[in-house]
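Q: Sequence:
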Amino acid sequence: MSYAKRDPNNPPNYYYNLNKKQQQNWMKTAKKMNKNEDLQAKYPPFKSSSNITIIHIHHKSTIETINDLIILANRTSRYTVDTESERKKINNDALIQIQFLHSTDASTIILIETAHLPNPQTILYSKIKELWSTIFNNNNEVITWGTVENEFNNFHHLDFITRLHQFR
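Mapping of the sequence shown onto UniProt numbering: residues 1 to 168, in sequence order.
Derived by calculation from the structure, the hints in this document are not laboratory data. Honestly, I wouldn't trust all of these hints.
Mimicking DSSO-like on lysine-lysine, the simulated pairs with C-alpha atoms at most 27 Å apart in a straight line are [what the hints assert, rightly or not]:
1. K32 <-> K42
2. K20 <-> K32
3. K32 <-> K60
4. K21 <-> K5
5. K28 <-> K5
6. K42 <-> K31
7. K32 <-> K21
8. K42 <-> K20
9. K60 <-> K35
10. K28 <-> K42
11. K35 <-> K5
12. K35 <-> K47
13. K21 <-> K42
14. K47 <-> K32
Please construct the entire structure, taking both the sequences and the accompanying hints into account.
A: Shown next, in the form of structure tokens:
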């Protein structure tokens, strides 16, 4: 329960000294606070799984780490994907987040830092491409906010992204 209470049916004296816009904002906030109070009373706080592993993938990742992820990806069939991009930049990709949903109480999240990937001629880069191909094969379910293709609109300069046409 919050310590500050706002009763829309009984505003404080200063409310009447506010201009119309400020009064509207005060009422809107009061209603929102009341709704939040109701939700807090109705539902328990969210408790995240304590078995989440987060792994950053970039030019300093080890081949062993990527190999372990490939093994895990071969045993996983459901993923969630989200991407983040930077505005006003050419090839404005920044981050690809892929969550391996491999059990009800555990998951692995990989964060691919696209601006810091290894040189494409390296073995590490080839292993990252192999991991990508393992995740995005036709037998897997990939959950995104929109279509998989739209999620990667800003990432097509990466050669492994072009393999998405195989995934439907």
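Q: For every hint, state whether the structure bears it out.
A: Comparing the hints with the structure gives:
With a C-alpha separation of about 15 Å, the suggested pair K32 and K42 falls inside the 27 Å cut-off, and the hint holds. Note on K20 and K32: the hinted pairing holds, with a Cα-Cα distance of about 18 Å set against a maximum of 27 Å. Using a Cα cut-off of 27 Å, the hinted pair K32 and K60 is violated, with the two alpha carbons roughly 46 Å apart. As the CA atoms of K21 and K5 are separated by approximately 20 Å, the hinted pair is consistent with the 27 Å bound.
At most 27 Å may separate the alpha-carbon atoms for a hinted pair to count; K28 and K5 meet this at roughly 13 Å. Only pairs whose Cα atoms come within 27 Å are accepted, and K42 paired with K31 is accepted, the gap being roughly 16 Å. For the proposed pair K32 and K21, the alpha carbon gap of about 16 Å is at most 27 Å, so the pair holds. A C-alpha spacing of about 33 Å is found between K42 and K20, which places the hinted pair above 27 Å, so the restraint is violated.
Distance check on the hinted pair: K60 and K35 sit about 47 Å apart at the alpha-carbon level, beyond 27 Å; violated. Distance hint between K28 and K42 is fulfilled; the C-alpha atoms sit about 21 Å from each other, no more than 27 Å. This hinted pair checks out: K35 and K5 have alpha carbons roughly 12 Å apart, not beyond 27 Å. For a cut-off of 27 Å, the pair hint linking K35 to K47 stands: about 21 Å separates their Cα positions.
About 32 Å separates the Cα atoms of K21 and K42, which puts this hinted pair outside 27 Å; it is violated. Our distance criterion of 27 Å between C-alpha atoms is met by K47 and K32, whose separation comes to about 23 Å.
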